[in-house]
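Enquirer: Now for the letters of each chain:
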Amino acid sequence: MTGHDVWIMLVIAGLTVVTVITRGFFFMSSKPWHLPGWAQRGLQYAPIAALSAVIAPEVFMSQGQMITTLLDARLYAAFVGGGVFFWKRNVLWTIVAGMGVYLPLHLGLGW
Amino acid sequence: MPQAPGIAAWGMMTGVAMVKSGLSVFEAVAMTIFVFAGSAQLAATPLIIAGAPIWVILATAFCVNLRFVVFSLHLRDYLMHLPLVQRMWHAYLTGDITYVLFVRQYPHPGKTPELLLEQEAWFTGNYFCNWLSWISASLIGIALANFIPTQWGLGFAGILCLIGIQCSLASSRLRIMAAAVAAVAAVLAFAMPLKLNIVVAIAVAVILALTVEKIHPRKGVAA
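So the sequences go chain by chain: A and B.
For what it's worth, the working numbering labels the leading residue of the first sequence as 1, then goes sequentially.
For what it's worth, the working numbering labels the leading residue of the second sequence as 1, then goes sequentially.
Hints are computed from structural coordinates only; laboratory data are not their basis.
Hints are supplied without guarantee of correctness; some may be wrong.
[What the hints assert, rightly or not] Computed footprint of chain A on chain B, listed as stretches where at least three residues anywhere in the stretch have a Cβ under 8 Å from a Cβ of chain A:
hint, segment
1, 35-42
2, 52-59
3, 71-85
4, 158-170
5, 178-191
6, 200-207
Even glycine gets a Cβ: it sits at the ideal position worked out from N, Cα and C.
Produce the entire structure from the sequences given, and follow the hints as far as they go.
Expert: Here it is as structure tokens:
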């Protein structure tokens, strides 16, 4: 193993610790924990906001820039996938329908 | 488990994407088995390849994983009666979909030890299926990576999976507003280092939703 290999394994070990710490953040201390009211209400909105923040750049941006064309397969796939969720109430249908739109546009038309 | 095929598709694409971005097969397998967090893995991979400082990579993964901090706060009431090691194992194995499906199945923590045990059993069964389909699909993806061209863009299935989860959470007008605000903020603040745009977007969206809730208390009630 070279120094670079050791470094990457250290990074992977660090990422594992990050997974454990973030997922178990409020499990670590068993002291009674009283959330302030605003934080409790904030729980209603934080998860959907976090997902939205991860998703939006993946759909509307390309190489760090906002896309300026409507000829992008991701836009239509995301729109159809979201619509199908509200119809079928099922994440798998979202993926199937979204990819059903994405692949022909992306591979067939090069969008 | 309705989510298993979707998770499998995403896991496979993550496996393909890691190898296609330049990780060795050994490194990609280690990532899959130990890190076990698709979005953080996908965010960290290009930084690893670029040789970014380790603290930048870990800070980025932490930000992308910040939603799990929120989930753990919510899950406290369901799992806090367990010993530390046991609840940390539960925490480590809880992905997005397990959390969302669990709190949808059991909106309130059990009031008796029997109910709490039933919920824990459901929870464990759910994440075990999730873990199995994720790990096996990722390993298949890593093995197949050399045969699937990256240009096909199959990684987009992962984003579609997140979109489905997001739609399942869109149960009130204020939540939809929070999602829209976060989307705009994450794009506008994209140039920030360390993927801090994600943290900024969450903060702006939550603060705005709480402010609107204060002004119009009724609209805040989840449908």
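Enquirer: A separate judgement is required for each hint: does it hold in the structure or not?
Expert: A quick look at each hint next to the structure:
no., hint, result
1, 35-42, "holds (count 6)"
2, 52-59, "holds (count 3)"
3, 71-85, "holds (count 9)"
4, 158-170, "holds (count 12)"
5, 178-191, "holds (count 12)"
6, 200-207, "holds (count 4)"
Violation of the numbered hints given earlier is absent; every hint is satisfied by the structure.
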